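K.L.:
Sequence:
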Amino acid sequence: MYGLTVRWSLTDAPKGTLKALRAYVEDESYASSAGLDGLRFKTWRAHKGEWFEDNYVFVSDEARAAFQDSFEPKAASAGASRVIGSAPILIEACEIIGVVRGAAGFRSSSHFEHGNKDD
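Counting along the sequence shown from 1, when you hit position 60 you're at 66 in the numbering used here, and nothing is skipped either side.
Worth double-checking, as some hints may not be accurate.
[Stated by the list, open to error] Across the chosen pairs, the derived CB separations fall in these ranges:
1. LEU42 <-> VAL106: 30 to 38 Å
2. GLU56 <-> SER83: 32 to 40 Å
3. PHE47 <-> GLU78: 17 to 25 Å
4. SER66 <-> LEU96: 29 to 37 Å
5. GLU34 <-> GLU56: 28 to 36 Å
6. LYS21 <-> ILE95: 19 to 27 Å
7. GLU98 <-> GLU34: 17 to 25 Å
[What the hints assert, rightly or not] PhoX-like cross-link-like pairs, simulated, lysine-lysine; straight-line CA separation at most 25 Å:
8. LYS80 <-> LYS48
9. LYS48 <-> LYS25
10. LYS25 <-> LYS80
11. LYS25 <-> LYS54
12. LYS54 <-> LYS21
Derived from the structure by calculation, the hints contain no laboratory data. Remember, it's a predicted structure, so these values are computed and weren't measured experimentally. Glycine included, every Cβ here is placed at the ideal spot set by N, Cα and C.
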């Protein structure tokens, strides 16, 4: 399996950006990612005040490369870039060595467990 990480800095992002990113993922990115050709799964990760990232896992390096080639030219205007107000600081391909499904299972949902904090 082959992965791609796209990371944005949240260092200078205004208050409320993480909340806006949660809404963006739920309302827009989740649905568009679900139909992405060759995608096994995608996660969205964040560290408040530091970074936000998309992590993609593809069925093949060809599928990863095709997505990356189409994404890079428009990265600065991608949905997360619009929400954050800046382009990604990292676009990095990698090999996924393994994935395990834990005893608690895996929940595929656009609704995540978070409070109504304005962060």
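K.L.:
Each hint needs a verdict: does it hold in this structure or not?
P.N.:
Here's how the hints hold up against the structure:
Take LEU42 and VAL106: their Cβ atoms lie about 23 Å apart, and the range 30 to 38 Å is violated. Checked against the hint of 32 to 40 Å, the pair GLU56 and SER83 fails, with Cβ atoms roughly 23 Å apart. Separation of PHE47 from GLU78 is about 21 Å and conforms to the stated range, judged on CB atoms against 17 to 25 Å. For SER66 and LEU96, the Cβ-Cβ distance of about 22 Å falls outside the hinted range of 29 to 37 Å, so the restraint is violated.
The hinted window of 28 to 36 Å between GLU34 and GLU56 is violated, with their beta carbons roughly 23 Å apart. The supplied range of 19 to 27 Å is met by LYS21 and ILE95, whose beta-carbon atoms lie about 20 Å from each other. For the hinted restraint 17 to 25 Å between GLU98 and GLU34, the CB-CB distance of approximately 23 Å keeps it satisfied. Between LYS80 and LYS48, the direct Cα distance comes to roughly 19 Å. Compliance with the 25 Å bound is thereby established for this hinted pair.
For the proposed pair LYS48 and LYS25, the alpha carbon gap of about 19 Å is at most 25 Å, so the pair holds. With a C-alpha separation of about 23 Å, the suggested pair LYS25 and LYS80 falls inside the 25 Å cut-off, and the hint holds. Pair hint LYS25 plus LYS54 holds up; C-alpha atoms about 10 Å apart against a cutoff of 25 Å. Annotation: proposed proximity of LYS54 to LYS21 holds, straight-line Cα distance about 10 Å (limit 25 Å).
In this structure, the hints that do not hold are numbers 1, 2, 4 and 5, in rising order.
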